[in-house]
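Heads up: the protein sequence lines correspond to chains A and B, in order.
Read in full-length UniProt numbering, the first sequence has 13 at position 13, and its numbers run on one by one without any break.
Read in full-length UniProt numbering, the second sequence has 51 at position 51, and its numbers run on one by one without any break.
Treat the hints as calculated values from the structure; they're not laboratory data.
One should not assume that every hint holds.
Identical chains blur together in the list; that is why a pair holds if it fits in one copy or across any two.
Said to hold, decoys possible - As a list, the in silico DSS-like pairs of lysine-lysine whose alpha-carbon atoms are at most 25 Å apart:
1) Lys88 - Lys68
2) Lys166 - Lys88
3) Lys71 - Lys88
4) Lys98 - Lys173
5) Lys7 - Lys166
6) Lys166 - Lys71
7) Lys71 - Lys173
8) Lys166 - Lys54
9) Lys7 - Lys88
10) Lys7 - Lys68
11) Lys173 - Lys7
12) Lys68 - Lys98
13) Lys173 - Lys68
14) Lys102 - Lys173
15) Lys71 - Lys98
Treat the numbers as computed from the prediction; the structure is a model and nothing was measured.
2 protein chains.
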Amino acid sequence: MQFTIQKSVEILERTPQLLEIMLGGLSEEWIENNEGPETWSPYDVVGHLIHGEKTDWIPRMEIILSSKADKSFEPFDRFAQFDEGAPKTLTQLLNEFKALRKQNLNRLRAQNITQNDLLQEGRHPAFGPVTLSQLLATWVAHDLNHIGQISRVMAKQYEQEVGPWKAYLGILKA
Amino acid sequence: MQFTIQKSVEILERTPQLLEIMLGGLSEEWIENNEGPETWSPYDVVGHLIHGEKTDWIPRMEIILSSKADKSFEPFDRFAQFDEGAPKTLTQLLNEFKALRKQNLNRLRAQNITQNDLLQEGRHPAFGPVTLSQLLATWVAHDLNHIGQISRVMAKQYEQEVGPWKAYLGILKA
Numbered sequence: 001m002q003f004t005i006q007k008s009v010e011i012l013e014r015t016p017q018l019l020e021i022m023l024g025g026l027s028e029e030w031i032e033n034n035e036g037p038e039t040w041s042p043y044d045v046v047g048h049l050i051h052g053e054k055t056d057w058i059p060r061m062e063i064i065l066s067s068k069a070d071k072s073f074e075p076f077d078r079f080a081q082f083d084e085g086a087p088k089t090l091t092q093l094l095n096e097f098k099a100l101r102k103q104n105l106n107r108l109r110a111q112n113i114t115q116n117d118l119l120q121e122g123r124h125p126a127f128g129p130v131t132l133s134q135l136l137a138t139w140v141a142h143d144l145n146h147i148g149q150i151s152r153v154m155a156k157q158y159e160q161e162v163g164p165w166k167a168y169l170g171i172l173k174a
Numbered sequence: 001m002q003f004t005i006q007k008s009v010e011i012l013e014r015t016p017q018l019l020e021i022m023l024g025g026l027s028e029e030w031i032e033n034n035e036g037p038e039t040w041s042p043y044d045v046v047g048h049l050i051h052g053e054k055t056d057w058i059p060r061m062e063i064i065l066s067s068k069a070d071k072s073f074e075p076f077d078r079f080a081q082f083d084e085g086a087p088k089t090l091t092q093l094l095n096e097f098k099a100l101r102k103q104n105l106n107r108l109r110a111q112n113i114t115q116n117d118l119l120q121e122g123r124h125p126a127f128g129p130v131t132l133s134q135l136l137a138t139w140v141a142h143d144l145n146h147i148g149q150i151s152r153v154m155a156k157q158y159e160q161e162v163g164p165w166k167a168y169l170g171i172l173k174a
């Protein structure tokens, strides 16, 4: 499937509401349990998505579309959500993510990105040159990656409880 | 995490709305593309979930809780959604799933299931004896399995478009 801004925004704009439906009002165990040491709970994932809105996708888009000579990205801290100071409730995090995503989609729309813009490049700290369309496609796939992760983390809470059906549930083997 | 009816219903009751937010109004490519030959699109997955509501979870619960001597389950047809006659729109499928899930949760609540009921057994065609709590835990994990699958199928539509970021997106390797 070919990248377009429109098909990308279709996914990006619904993620905040999807996470609210998926997680809002659940028992704490569903929200706070993870897959074992060094793994993330659904709560942690929402914190990670917030950090991406603040420092990754749109700031990097603006670097690519700027007139700067050096279009190097800042490295992204995948663990920043664990250093955020006073702990917030899940509801606070979901609201913060919703507000940031809305602002960021407005910043995206305000650019009126052309086909030529999509080919412009920035410099990723590990990969070197990457295009704007790769960055924006990754924003979309990254949302879906973490929605899939949340589904898996939650499913694993019932790994023992399903008994022999574990054999039929691919998500428990991932 | 230990199985309870309450924690299970928390997940089961939100799945129809989650699928509406996740899929309603998307471009056809997001809904109809799959992962390659013999794999399912998001549209196919919703059809499969409908078939489960009709023939699997609650009908099997009622077999377990019946006074029949033979508590063997009917085999479940994992491909029934491809034999359903006139094709339906995604909106029709989502509405049908929502209505069936609501009815089935009412049937679940009407049983006033006790701790003793949860230990009652039926006979699975492949596994032999399984308990009611295993069946109901599987209903929950099965929803999450297919939400994860839909996320993965959609993410894979951008597998090429993300360029080098593929290396960081676990969902594209699943």
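Against the structure, the hints:
no.: 1; hint: Lys88 - Lys68; result: neither (37 Å within a copy, 52 Å between copies)
no.: 2; hint: Lys166 - Lys88; result: neither (34 Å within a copy, 32 Å between copies)
no.: 3; hint: Lys71 - Lys88; result: neither (34 Å within a copy, 49 Å between copies)
no.: 4; hint: Lys98 - Lys173; result: neither (32 Å within a copy, 28 Å between copies)
no.: 5; hint: Lys7 - Lys166; result: between (35 Å within a copy, 19 Å between copies)
no.: 6; hint: Lys166 - Lys71; result: between (48 Å within a copy, 21 Å between copies)
no.: 7; hint: Lys71 - Lys173; result: neither (40 Å within a copy, 29 Å between copies)
no.: 8; hint: Lys166 - Lys54; result: between (38 Å within a copy, 22 Å between copies)
no.: 9; hint: Lys7 - Lys88; result: between (32 Å within a copy, 23 Å between copies)
no.: 10; hint: Lys7 - Lys68; result: neither (29 Å within a copy, 52 Å between copies)
no.: 11; hint: Lys173 - Lys7; result: between (31 Å within a copy, 22 Å between copies)
no.: 12; hint: Lys68 - Lys98; result: neither (30 Å within a copy, 52 Å between copies)
no.: 13; hint: Lys173 - Lys68; result: neither (46 Å within a copy, 35 Å between copies)
no.: 14; hint: Lys102 - Lys173; result: neither (35 Å within a copy, 30 Å between copies)
no.: 15; hint: Lys71 - Lys98; result: neither (28 Å within a copy, 48 Å between copies)
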